[in-house]
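Line order of the protein sequences matches chains A and B. Every number in our numbering is 48 more than the matching position in the first sequence, counting from 1. Every number in our numbering is 25 more than the matching position in the second sequence, counting from 1.
Please keep in mind that the hints were generated in silico from the structure rather than gathered at the bench. Wrong hints could be hidden among the right ones.
Chain A regions said to be covered by chain B (calculated; three or more residues, Cβ under 8 Å) [unchecked claim]:
#, region
1, 157-168
2, 198-212
3, 255-267
4, 300-308
5, 323-330
6, 347-361
Think of the CB as a built atom: it goes at the ideal place given N, C-alpha and C, for glycine as much as any other residue.
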Amino acid sequence: MNIHEYQAKEILRASGIPVPPGEVASTADAALAIAENYGGTVVVKAQVHSGGRGKAGGVKLAATPFEAREHAEEILGMTISGLVVEKVLVTPAEDIASEAYVGILVDRKAQAATYIVSAEGGIDIEEVAHSNPDAIRKLIVDPRHGLLGHQAYWLANSLYEDPQLVRQGAKIISQLYSAFTGSGASMVEINPLIVTSDGEVKAIDAKMSIDDSELFRYPEISKYRDLAAEPWAEAKAREADLSYVKLDGNVGCCVNGAGLAMATMDLVKYYGGEPANFLDIGGSSNPEKVVAAVEIITSDPNVEVILFNIFGGITRGDDVARGIVEATKRIDIKPPLVIRLTGTNEKEGLEILAGEGLSAFTSMDEVVERAVQLAANG
Amino acid sequence: MAIFVDENTKLVVQGITGRDGSFHTLQMMEYGTAVVAGVTPGKGGATFYGPNGESVPIFNAMDEAVSETGANTSVVYVPPAFASGAIEEAVDAGISLVVAITEGIPVLDMARAHAFARDHATRVLGPNCPGVISPGKAKVGIIPDQIVTPGPVGVISRSGTLTYEAVIQLTNAGIGQTTCVGIGGDPLIGTNFVDALQAFSEDSETEAIVMIGEIGGTDEQEAAEWVNEHLDIPVVGFIAGQTAPPGRQMGHAGAIISGSSETAEEKTKAFEENGISVAPRPVDIVGLIQDALAS
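Start from the sequences and build out the full structure, keeping to the hints where you can.
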């Protein structure tokens, strides 16, 4: 789960990291009031789950409260990477002497939390990795010991020469590890970590993703989920415990298993069609899940055909068949259904479908070819 | 021969009294796997009854289960919040292979559990995997056994049902398997492609390998290079996720394109550059394997 900058900053502040104050506004007038309260120059920043906010015009400096209102008016409602900006963060502008980068992610190869720091902050770290890899220092944190004191200093030493700054940097680097592990994060990034002209180190932008599997431990962080930013179909899928990703094609796909679901989409493309979505109904498929899946797929107006590809393992063919029948009774499904059902309890499943006048294919290629044909004619 | 599990496997089921644990224990026993013990904290002293009335003792903890029964392998059907602890307990009890079926274990929990397993030189398969089956010998996990048959092909995959799709087509074409291994769909897994390839390379009966990858990470690229440098039997590949958009998680926690090298296209290229024939469709795996076995 991605969280917004202002939410990530709340987590960092709670870990003791110096973060300038800031308040969120969802109207231009509220932005003006916040700017008036701070006085002086403020920054108005779009709160949206996307990088490149600055380049898209979603981050603006305002010398007066009136200007802050103007900028907020422009930024609110703006679309960045397909996402509509609903909120802006208003925060006092800082006097920046230098910018660094500090991040932690879970490295798949090292199988551990890994720090990435660079004295070249304020720009995309992947660009730095590409153009000047020597400017990056990396540290794999041994999960058995956590981050050790000297390691925090070793990282901070690559950012600053002044011992005063190194001390502040090392402290922030340690605090960031607590913020990371204490919130079930899978990624956190302070970019930039600035030094002000008074010699203070501060985090002025932050990005954070939370491991969905760890949310159960942090109910207060679960509340950070931006329900407004989540399309209806995705919220519905999450409630029903399905994985759903909307795509641009017209062949609706309902599959059990993530690998098979991807392979089904690929096969749609192979036969000249375009998948409308990724949808994995998961392992234990009670009929209700199948009904929810059909509701989600049919909510996409582009869908011309609904393709079921079910290979029973833990998933039982008869459960899915019951779900399909139930869905046809409860929902007014316009697009035709094409079904492939094989594996565990295949025979029982086919009988249930036959009882409702539905037939099924046994081969994946046949069913996908048929679905692509129907979509083309639709 | 076979890899990871065979007729010498003595299995303890962690979470044997749960819904999935008990269901799959019956299936594994039906297939002939030697299930010697179960563990559920608080249920020690009870008995689990197999499909033909066999008694399997249930223990409160792994150390007792192992010392009482001599179990060498465990399978984990424990819910996500407790699963990494169950894996660590199995490692500590001296188990040599832990097969973790559970999906949704917190990533940082697994970072610690994997480090602990490495310290004890214990192999972890998974998590978030369908397990492993050596046809005619033993099954540990949830792979439907009616789709496999003994033969010369080793199968390695990150996915569950896609593996079944590939395996049933092999079986229907009369091509059997030495072992089918699901390595798991999580970002941090205990046994990766290279580990499984290495095990197959030491198995005299495996004459060809099917390797099924997907988007996310770069394990496939490393495996492709390893095949090129170290393996003298043919490998046929398949990569799922050609149509997957970047930055979106496709079901599996590990199936997300976070960098340009993690796409299906790059992985397919790496396979081909290292002499691995790539099947455009799952059904094409059969023809490529037939060619590989004939050569």
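Going through the hints against the structure:
1. 157-168: holds (count 4)
2. 198-212: Coverage by chain B is violated here, the residue count being 0 at a Cβ distance below 8 Å.
3. 255-267: holds (count 6)
4. 300-308: holds (count 6)
5. 323-330: With 3 residues closer than 8 Å to chain B, the region 323-330 of chain A meets the three-residue bar; holds.
6. 347-361: holds (count 3)
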